[in-house]
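Keeping their order, the protein sequence lines are chains A and B.
Under the numbering used here, the first sequence has 77 at position 77, and the numbering climbs by one with no breaks.
Quick note, the numbering used here runs 1000 ahead of the 1-based positions in the second sequence.
It is possible that some hints are incorrect.
[As the list claims (entries may be wrong)] In silico DSS-like cross-links for lysine-lysine, where the CA-CA straight-line distance does not exceed 30 Å:
| # | chain 1 | residue 1 | chain 2 | residue 2 |
| --- | --- | --- | --- | --- |
| 1 | A | Lys173 | A | Lys117 |
| 2 | A | Lys151 | A | Lys117 |
| 3 | B | Lys1097 | A | Lys173 |
| 4 | A | Lys151 | B | Lys1097 |
| 5 | A | Lys109 | A | Lys173 |
| 6 | B | Lys1167 | B | Lys1033 |
[Unchecked claim] Counterexamples of contact, computed for chain B against chain A with all Cβ distances above 12 Å:
| # | residue |
| --- | --- |
| 7 | Val1037 |
| 8 | Ile1058 |
| 9 | Gly1125 |
| 10 | Val1143 |
| 11 | Arg1153 |
| 12 | Pro1154 |
| 13 | Ala1192 |
These aren't lab readings, by the way, just hints derived from the structure by calculation.
From a predicted model like this one, the values you see are computed outputs, not experimental measurements.
Using N, Cα and C, we set each Cβ at its ideal position, and we do this for glycine too.
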Amino acid sequence: MGGLDAVERGPLPSDASATSDSGSAAGESDHPSVAALRAKFGDAIQGDTVHAGDQTVVWIDPARSLEILTWLKDDPGQKYDMMSDVTGVDYGGGRPVEVVYQMFSTTHKRALRIRCKLPLDALEIDSVVGLWVGANWLEREVYDLFGVTFKGHPDLRRILMPQDYAEGHPLRKDFPLRGRFSRAEQTRRALAQDVERFYGPEELVEGGAPQQVAARSEPAEGEG
Amino acid sequence: MGLGDLLPGGGTQKSEGGLGMFGAGSPTFLTTKIDEVINWGRRNSLWPMPFGTACCAIEMMAAAASNFDLARFGMERMSFSPRQADVLICAGRVPYKLAPVLRRIWDQMPQPKWCVSMGACASSGGVFDVYSMVQGIDTIVPVDVYVPGCPPRPEGLIYGLMMIQEKIRQESLGRHFEHRAEDPALVAAPRADEEEIVGLTGPFGNSTHQEKLADGRIVRSPDPNDDVPV
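Generate the whole structure from the sequences, applying the supplied hints.
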């Protein structure tokens, strides 16, 4: 097939105009999981849309997220056995922080994106580490950078920022770009870090369960 | 057969100044200043401690590889252990989380030691004028040579190391402690005081003047009126 055939064929599905970002109660997707989710969970499904041509997005009730995600993983018709990514989005302006689960079913060869809207005064959601072990560090990252607490996470510590970071959660829209402290204070705090405590030999054990490290240091919490 | 027989001119000629003063009537003696010998040895056997954290490290590797061959200048061996290193090459951006590690490596290096800050990020923070990034490693360790570039080409790094060699050439053993003095109180502490760090790392271009309030006071702790979490 020649290089110009793609031009002749016209736009690919992903070039189609994007639908609204907020989803709709009526449902726009013909993704088989969406209909199944609506039939099974009803009101807990807050909306769905198709994003960027072929990415189905479903908004669910965060209070029932664990139940829904467990079903999505275990139901023979769904079998979303791979958690590709857990991440967060803060749109700013007092709007809710969203936790995004990007999943893939290696059985049915389908991808699905689940999103949960968390109001800023209740940034907590059930951890899915019990379902997908790979979500462990991803949830730690969301906790570190957005301040979302994952209930039931075995080792909820900061992962990217220093353990004793006290300026808050940097990817939140209300976080100033250069941090909350002066550069001098940031430098002083950085050099005062106890390196041995955070880079101990236990951290370097290959294949070691990171959960075992949890008891050593409490997650440093602080909005600055 | 003496050493002088193997040397150009049979070792009987008197040359002028610096190394290679063979004379005093005997071909088997070499007379020079002890400074010259020691500095000659030091500057031609610099072992770099590579602290490569980003794309600058790729150029540093290129400088060490065969095309540019840092070994021609005595950097025969990249010393991945600070205890056996003479010159710290900080190549790349350094986040605050890594700052104590860099400082620990510098403190572990034995004197005499030198430091090259390679590239824009190591020298000034570069484009990363953000919450997580050290704004120039000179707030953490003393820097001898800054190599500009993003990243610098291997020639740039080699030129920077040749400047280190030139610096060593001008050092004097008599002023060793002056050149090499270390304040024990500065171990694991910032190199500069608060005003100086704010001055060094101050906002460029259209960055916000976040550290200094209108009255010139430095913001030490979060300002309650600024960006209150919703």
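Which hint numbers doesn't this structure obey?
5, 9, 13
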